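Can you make the complete structure from the sequences, with help from the hints?
Single-letter residue listing:
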Amino acid sequence: MPEFLQFAFSGLTVGAVYALVALGFTLIYNASDVINFAQGEFVMLGGMTTVFLGLAGVPLPLAACLAIVATVAVGLALHRFAIEPARGAGAVVLIIITIGASIFLRGAAQVVFDKRFHSLPPWIGGDAIRVGGATILPQSLVVLGGAVVIVVLLWAFIERTLIGKAMVATAANELAARLVGIDTRRIVGLSFAISAAIGAVAGILISPITLTSYDVGTLLALKGFAAAMLGGIGSAVGAVVGGLLLGLLEAFAAGYVSSQYKDAVAFLVILIVLLAIPRGLFGRASVERV
Amino acid sequence: MPAYAKTVAAAIALCIAGATGQASAQVKVGAVLSITGPASFLGDPEKKTLEIYVDDINAKGGVNGQKLQLVAYDDGADANAARTFATRLLEEDKVVAMVGGTTTGATLAMIPLFEEAQIPFISLAGAIQIIEPVRKWVFKTPHTDKMACEKIFADLKQRNLTTVALISGTDAFGKSMRDQCVAVAPKAGITVAHEEAYGPRDSDMTPQLTNIKGKTGVQAVINPGFGQGPAIVTRNYRQLGITLPFYQSHGVASKQFIDLAGPAADGVRLPAAALLVAEKLPDSDPQKPVVVAYTRTYQQKTGQPVSTFGGHAYDGLMIFVEAAKRAGSFDKAKVRDEIEKTKNFIGTGGVVNMSPTDHLGLDLSAFRMLEIKGGDWTLVQ
Amino acid sequence: MRALLSHRLVPVVAMAAIVVLLPLLFSSAYYYRVAALVFVFALASLGLNLLMGFAGQVSLGHAGFMGIGAYAVAIGPTHLGVASWLSFVIGAALSALVAFVVGRPILRLKGHYLAVATLGFGLLLAIVFANEARFTGGPDGMAVPRLVLFGSSVWGAQSWYWIIAASFLVGAVLALNLIESPTGRALRAIRDSEVAARVLGVDVAKAKLAVFVVSAIYASVAGSYLALLNGHITPDVSGFLRSIELVAMVVLGGMGSIAGSLVGAALLVVLPQTLTFLHDYEHMALGLIVMAVMIFLRAGIVPTLARALDLRRA
Chain A
1 MPEFLQFAFS GLTVGAVYAL VALGFTLIYN ASDVINFAQG EFVMLGGMTT
51 VFLGLAGVPL PLAACLAIVA TVAVGLALHR FAIEPARGAG AVVLIIITIG
101 ASIFLRGAAQ VVFDKRFHSL PPWIGGDAIR VGGATILPQS LVVLGGAVVI
151 VVLLWAFIER TLIGKAMVAT AANELAARLV GIDTRRIVGL SFAISAAIGA
201 VAGILISPIT LTSYDVGTLL ALKGFAAAML GGIGSAVGAV VGGLLLGLLE
251 AFAAGYVSSQ YKDAVAFLVI LIVLLAIPRG LFGRASVERV
Chain B
1001 MPAYAKTVAA AIALCIAGAT GQASAQVKVG AVLSITGPAS FLGDPEKKTL
1051 EIYVDDINAK GGVNGQKLQL VAYDDGADAN AARTFATRLL EEDKVVAMVG
1101 GTTTGATLAM IPLFEEAQIP FISLAGAIQI IEPVRKWVFK TPHTDKMACE
1151 KIFADLKQRN LTTVALISGT DAFGKSMRDQ CVAVAPKAGI TVAHEEAYGP
1201 RDSDMTPQLT NIKGKTGVQA VINPGFGQGP AIVTRNYRQL GITLPFYQSH
1251 GVASKQFIDL AGPAADGVRL PAAALLVAEK LPDSDPQKPV VVAYTRTYQQ
1301 KTGQPVSTFG GHAYDGLMIF VEAAKRAGSF DKAKVRDEIE KTKNFIGTGG
1351 VVNMSPTDHL GLDLSAFRML EIKGGDWTLV Q
Chain C
2001 MRALLSHRLV PVVAMAAIVV LLPLLFSSAY YYRVAALVFV FALASLGLNL
2051 LMGFAGQVSL GHAGFMGIGA YAVAIGPTHL GVASWLSFVI GAALSALVAF
2101 VVGRPILRLK GHYLAVATLG FGLLLAIVFA NEARFTGGPD GMAVPRLVLF
2151 GSSVWGAQSW YWIIAASFLV GAVLALNLIE SPTGRALRAI RDSEVAARVL
2201 GVDVAKAKLA VFVVSAIYAS VAGSYLALLN GHITPDVSGF LRSIELVAMV
2251 VLGGMGSIAG SLVGAALLVV LPQTLTFLHD YEHMALGLIV MAVMIFLRAG
2301 IVPTLARALD LRRA
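Residue numbers (this note's numbering), protein chains in the order written: chain A, 1 to 290; chain B, 1001 to 1381; chain C, 2001 to 2314.
Please keep in mind that the hints were generated in silico from the structure rather than gathered at the bench. Be aware that a few hints might be false.
In silico SDA-like cross-links for lysine to any residue, where the CA-CA straight-line distance does not exceed 25 Å [stated by the list, open to error]:
id, chain 1, residue 1, chain 2, residue 2
1, A, Lys115, C, Leu2278
2, B, Lys1215, B, Thr1297
3, B, Lys1048, A, Phe113
Values in this document were obtained by computation on a predicted structure and should not be read as measured data.
In structure tokens, the structure reads:
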């Protein structure tokens, strides 16, 4: 029993990160049909910027806020200079553009920051908390809590504000949204900004646990994308569930099956789920016009 | 046919780019390093070290009256790219020697080229199969992973511990060292009771460590790996409250490991070069002047803590330079012979004595057993 | 004259001319090697182009098939005593078989879901290659014995350049034949609208599977060539980044364009070589160039330029 709990804690901690990255994917996809492979780089920028501002003497809370602002700026720039000019191009072209952007951001991070690993001090320090024979770091609770807060804020934004409604409208039908006077270009830009913010916050929250470096983005984007698809792209709930599920799958596979093949097991399960439920767990049926 | 013209144009551009490389008449030393990518933890200090010391050597007048030019390429830990750049170094840049090959995979991919071109190749990678079987033109400076296992096992025997668990990274370094440890264990009287693995980029290893903790009879844990993985494993180790003796590998040989692992690193032991405890060595230690000088130079020029990987690059470059000085020329055969005759070379990794059957030149005494205490390295007596 | 120019084999003849004339610019084995690499990846991206450009299916795991072909020519001679050329063929057959078995269920998925499934498949293969060290040499990889043809071993970038370039031309001709065949037309119908194609009586599942298998064979052949050319193979050959590279080559060169496969491969193989002078800024430049090409030449290099000069292509 204590082992099961330990695996579960590990899975939830890692899964919360995947969930936040997947949420970023879903947000942008919803607003613009773009799969943003630079999403992982937002997480990297949040963590690394905070670290380097901290090293330069800026107090950490302020450094974190500035890092979020900087990442949002990068997200907006990505939309304005890379995605916007390619409007109307096919989905694959946009994917390649975001891949080019992620290569660019990684290259820039190497030059602006450095190639070493860095850590941040945990928000809540102290020893691990013992629960039922298993231990969990206080920072893991911060990560999980942070994920919950972000999801709630996002929900409130989407459901309760006018701009949120505009985003939903853009996602449903871009042309119709424009016809009712919604500036869809700004909405898509906003989705990039929010995704960047979410990614940056995720990076700042997890760096105390998982360390950060200029190339943490690649693997995170991969797993976040897989989690988003598992949950059903287009569904925010799906993104979160998919992320947590992927984290748990990896942890249980590592613990019970084989630590060497844990990633393989996790992906195998995703494959099986997708073959059984082709639209992902919470994905909506898409209507294909002929 | 504009599209085809584009391909031709690209090829022409390539020719031009290549041609400009042949303009200078300096003596060129090649280096294919993993400056970016998963092994940049190793390759970046290597590159910085080579740059610093090539400049230093040139400032002091060069070698055999000629200045050296470092031609460095980044393979990103990709063996295919490494081979392409090695071809470029040999065919286009016409280097007289190579100090490089950060990863074993890249080194193995490049070896046949240097054997065929008959140019000395001093590798900076860890696996023992680079020099076993001995190849005429290939040497290496880092201690082998087999030596690391032997050193750890010897320390375990001294502490009367015989049953261990391994938790290794699935990267090349971790896997190679794990294989060596498993192979060497029976002869050293050590039993490997349990094994776990983790991906080099994973962020939480508590499931694996939980399994190790639950296995009865385990007396110590060894973590072959490099980069950030071992730091996370170490943190998880303390988080789970495991008190068994914990050994790291020389893959973490940089102060950065202590910074990242934090207080969890206290009590961790590892085999490493004397470079890490430069200032703490007794004055009678022959390595002390060399390692202290290197530490001061590197930290002053880069602002980053010293690491043994950069040290291996220093050793490689200096062994080549000394050999070239002894040979009196850059004739590849003569330089190769002199490299093989390296005796009592005091490097950062140890005292090097090469021979026709030993292209590494280090023995187990080159490894020191270190323990982390109070956030710093200490020598275990 | 117009009719002769628009004959479907014109692109192949033009590429053959390039293959023959290019070595005049080569001053050392380095150029032969880079060119050989270009044709290796052109072959792989040609197969992927058939899948993505003509059939409209996405695969983010295609490097996995390259891995099968590569390890076949490594493991066959080393562990099983099978001659290199035979291992080459067996590798291609094995890839086809794996594609057939895996493709049946996977190809039912659409769009991004298919992308994730193929991604997972590629990752699975890469993990197996990296972990099963006893057969594959693990993450450090293993040596690949030289190919022995008609009694003498093939060695040197120059020999490989001719062999691989010729193979690419053969592959291009076969691809053109496939595209013009009924299956090819069925594939293009599927790309435009799967539902409509089904309504017209096209056996969608069978056509998709067929092109998936064919593209796997192309990738396997390319992977085998890569292994033989390098004399050494590591699990990176089937890694995620390689798969992304292949997709980028297809899209940059032009989806649905045979010549585009060659141009895309040339771009992504040659560019890192020419950008080395930028040192630390190399990746930034690479990223910028990829983005710029996609923004300004969004149909891909070859189709956009062809359209700009108003030449009709098949």
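Going through the hints against the structure:
no. : hint                     : verdict
1   : A/Lys115 with C/Leu2278  : holds, 17 Å
2   : B/Lys1215 with B/Thr1297 : violated, 46 Å
3   : B/Lys1048 with A/Phe113  : holds, 16 Å
Violated hint: 2 only; the structure is consistent with all others.
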